[in-house]
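Enquirer: Here is how the chains run, residue by residue.
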Amino acid sequence: MILLRGNTSCQGCPHSIAFKALEYLENPIVLMPAGCSTVIAGLHPNSSLTIPCVHVPFPSTPSVSYGLSVGLKRRGIRANVVAWMGDGSVDISYSLLAGSALRNDDIIVIVVDNEAYVNTGVQSSGTTFWKAKTTTSPKGKKEERRNVALQMALHRVPYVATASVGYMRDFIKKVKKAGELEGFRYIHVHCPCPSGWGFESSKTVEMARKAVQCKAWILWEYENKKFRISKISKKAKGDLKDYLLSQTRLKHLSDGDIEEIKRKIEEEWELLEHLEKL
Amino acid sequence: MKKLLTGNHAIAEAVKIAKPDIIAAYPITPQTSIVEKLAEMVENSELDAEFVRVESEYTALSVILGAITAGARGFTATSSQGLLYMYEVCWWVAGSRLPMVMAIATRAVGAPWNIHGDHQDIIVLRDAGWIIGMVESAQEAFDMTLQAFKISEEVSLPFAVGLDGFQLTHTAEVVKIRDYELPKRKPLPYTIEPSSNFALNAVTFGIPKLKARHEQAKDLEKSKEVIRRVDKEFPVSYGGLTEEYRLDDAEYIVVMMGGWCGDAKDAIDVLRDKGIQIGMLRLRFLRPFPRKEVEKLDGKILVVDRSNSDYRGVLGLEVSTVKHDIKNVVTGFGGMELDTQDFVKIFTKFVNNEMKKDVEWWYDSA
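From first to last, the protein sequence lines are chains A and B. Going letter by letter, the first sequence gives residues 0 to 277 in numbering that gives the first Met the number 0. Going letter by letter, the second sequence gives residues 0 to 365 in numbering that gives the first Met the number 0.
Derived by calculation from the structure, the hints in this document are not laboratory data. One or more hints might be untrue.
Claimed, not checked - Restraint-style ranges between C-beta atoms, simulated for each label pair:
#1 Lys176/A - Ser44/B: 30 to 38 Å
#2 Ala38/B - Ser200/A: 50 to 58 Å
#3 Phe197/B - Glu143/A: 39 to 47 Å
#4 Ser364/B - Leu153/A: 30 to 38 Å
#5 Lys19/A - Pro186/B: 55 to 63 Å
#6 Gly120/A - Ser44/B: 47 to 55 Å
#7 Ala38/B - Gly197/A: 51 to 59 Å
#8 Lys175/B - Arg77/A: 41 to 49 Å
#9 Leu42/A - Ser44/B: 44 to 52 Å
#10 Gly238/B - Lys19/A: 53 to 61 Å
#11 Pro186/B - Ser200/A: 42 to 50 Å
#12 Leu42/A - Pro186/B: 25 to 33 Å
#13 Leu42/A - Asp265/B: 22 to 30 Å
#14 Gly197/A - Leu181/B: 39 to 47 Å
To be verified - Just a sample of chain B residues kept apart from chain A, beta carbon distances all over 10 Å, derived:
#15 Glu35
#16 Arg52
#17 Thr68
#18 Ser136
#19 Glu180
#20 Pro182
#21 Thr203
#22 Leu209
#23 Leu219
#24 Val229
#25 Lys273
#26 Arg290
#27 Leu296
#28 Gly298
Ideal placement from N, C-alpha and C gives every residue a C-beta, glycine not left out.
Looking at chain A on its own, in the form it has when it is part of the complex (with noise of 0.2 Å):
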């Protein structure tokens, strides 16, 4: 078990299930940046992992992770260093995650993104969903929505997939993956989160497949230079209007704005379909 119980995640803590597949890597060495998972982590002197973990300010994540990487190579010991970040980390460590992947730093990102800086209160982060309210974006998040996943795999590094708190075995499938490869590996985890979103605590799996189903969440991997659409996402049905209007920063939208989010997921479809035929 790797996150005990006891801890002081919130009820529905998509966090708390992501942390399960770091069962599944050989040593891993965990850091992580000011968010939730440092408080999930406990607080001194207690410590709710059974891996050693490392608090790090909050842009310096993926470096010193890498630096963690080359320290105990040049002693000879083999671990899994991985770097925990939420996307509030992305955000603020955003140069030094593409300096990462750029030197192809030895390490396994993943990042659990719960769609908003839920830590310090639910405001809007660059991962945030097309219009969902947050509270520095009361009437509807005007911005774009990044593409974590996609730009760090246009760095040509040995791994990159999506994955899901819904579809814990293809996220484990992928984790064990990433742990087997060397160099920068990335796995960007899709975290529904009953407190920041507004639904019920006992839906967040429920709420996560709904997302992959209706394709506002597409699971994929690149591996070897290559793109594919996991199977998941393949064969997923669903009602957009339905995972839309079931949480409550995105029961304002109007028919409009559904059409428009409608686009805009098709327009993302169709791009890493194009990706995968390449």
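Following the hints, position chain B against chain A.
Expert: Quick look at chain B alone, frame taken from chain A:
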């Protein structure tokens, strides 16, 4: 062996002897030639280290933070804006109680833009918990860098070696490359590896946080003895935390740090020739602050500063926590160089008791 070396290359030579596992740095004038030289040494297999080409100073120090957490020996170098950009990580390195060495080619801080020398950058490290040294020559840059690894590893605190931008970084002198072996590393208080059964730097409230900071302050205080001992054991002794120059019978005492102390010493010689009893206490360390050495001073004190905080010079502020009724001159910003004649003017005005204000911003330079 003797070599003609710039201050920057003297530091690179010392780092090579210290055999770091990892060097990560981002270029910034006037630091760049330190890490260029080190990159060359690594590429030529003269130095077995990882050289990590990063995209910012923030990353440079973050990479080193990770490496030293795993027990590696690390080095970086920076200057001015670069130091400010990595400032957050400076606190994490010190707070993690891990050793490392960083060279700082001291330079003005913007705005407005200025790439030339003063001390405004290095002084921002004062509260972070680093050992902060300032050298006067390329030889001392070499010697202090070697000692820095030893001292830092003994007290588990990071060590910054400051050398004046351009004045020392880009001027060459004959440097004795010492045949010096660093001691085998003693085990660190902790390292992070897969078998470590703890979390590092988790959220820590109240009393334990106070304790962590207190321990850090106590060890910084203790480092004074280590600095003095290592200085004494070294092939050449500089005097520990401070260097005394013609101080024995001095009625007038100048307190300064850095490269310009050489010119100021020449000015002291000029005044001595005229029968004026003047000397210098050169601060080799800003942290830990040499309070005992300053306390001992018996005479009228003038502090000459290349940085300010509020209306005063930073060393002026520091010295005034120990000695009252001091005079403070603030000058030499942004590459404004003062020569011997300028210091003769400043010191003469001080000796003649013509400095009416406690703090004087000095504009007159050759």
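Enquirer: Now look at each hint and say whether the structure bears it out.
Expert: Verification of the hints:
1. A hinted range of 30 to 38 Å holds for the C-beta pair Lys176/A and Ser44/B, which are about 35 Å apart.
2. A hinted range of 50 to 58 Å for the beta carbons of Ala38/B and Ser200/A is consistent with their spacing of about 53 Å.
3. Between Phe197/B and Glu143/A the beta carbon distance is about 41 Å. The supplied range of 39 to 47 Å therefore holds.
4. A beta carbon spacing of about 53 Å between Ser364/B and Leu153/A contradicts the range 30 to 38 Å that was offered as a hint.
5. Between Lys19/A and Pro186/B the beta carbon distance is about 34 Å. The supplied range of 55 to 63 Å is therefore violated.
6. Between Gly120/A and Ser44/B the CB atoms are about 53 Å apart, so this pair conforms to the stated range of 47 to 55 Å.
7. Between Ala38/B and Gly197/A the beta carbons are some 52 Å apart, a value that agrees with the proposed interval 51 to 59 Å.
8. Distance hint check for Lys175/B and Arg77/A: the Cβ-Cβ separation is about 42 Å, which falls inside the suggested range of 41 to 49 Å.
9. Distance hint check: the CB atoms of Leu42/A and Ser44/B are about 47 Å apart, consistent with the given range 44 to 52 Å.
10. For Gly238/B paired with Lys19/A, a C-beta distance near 60 Å keeps the hint of 53 to 61 Å intact.
11. Range check, Pro186/B to Ser200/A: Cβ separation about 46 Å, and the 42 to 50 Å hint holds.
12. Between Leu42/A and Pro186/B the beta carbon distance is about 28 Å. The supplied range of 25 to 33 Å therefore holds.
13. The supplied range of 22 to 30 Å is broken by Leu42/A and Asp265/B, whose beta-carbon atoms lie about 58 Å from each other.
14. Checking the proposed 39 to 47 Å range against Gly197/A and Leu181/B shows it is violated: the Cβ atoms sit about 59 Å from each other.
15. At roughly 19 Å from the closest C-beta of chain A, the C-beta of Glu35/B stays outside 10 Å, upholding its exclusion from the interface.
16. Once the 10 Å rule is applied to beta carbons, Arg52/B is inconsistent with being away from chain A; the minimum gap is 7 Å.
17. Against chain A, the non-interface label of Thr68/B is violated: not every CB pair exceeds 10 Å, the least being about 6 Å.
18. The beta carbon of Ser136/B is kept farther than 10 Å from every beta carbon of chain A, the shortest such distance being approximately 32 Å.
19. Once the 10 Å rule is applied to beta carbons, Glu180/B is consistent with being away from chain A; the minimum gap is 20 Å.
20. Even its closest Cβ contact with chain A, about 18 Å, leaves Pro182/B beyond 10 Å, as expected for a residue assigned away from the interface.
21. Not every CB of chain A lies more than 10 Å from the CB of Thr203/B, the least distance being 4 Å, so the non-interface label is violated.
22. Every C-beta of chain A lies more than 10 Å from that of Leu209/B, the closest at about 13 Å, which supports listing it as non-interface.
23. Residue-level check passed: Leu219/B sits 21 Å from the nearest beta carbon of chain A, beyond 10 Å.
24. Non-interface status of Val229/B relative to chain A is upheld: no Cβ of that chain comes within 10 Å, the nearest being about 25 Å off.
25. Listed as a non-interface residue, Lys273/B keeps its Cβ farther than 10 Å from every Cβ of chain A; the least gap is roughly 55 Å.
26. At roughly 31 Å from the closest C-beta of chain A, the C-beta of Arg290/B stays outside 10 Å, upholding its exclusion from the interface.
27. Once the 10 Å rule is applied to beta carbons, Leu296/B is consistent with being away from chain A; the minimum gap is 40 Å.
28. No Cβ of chain A approaches the Cβ of Gly298/B within 10 Å, the least distance being about 45 Å, so the stated non-interface status holds.
Checked against the numbered hints given earlier, the structure breaks hints 4, 5, 13, 14, 16, 17 and 21 and satisfies all the rest.
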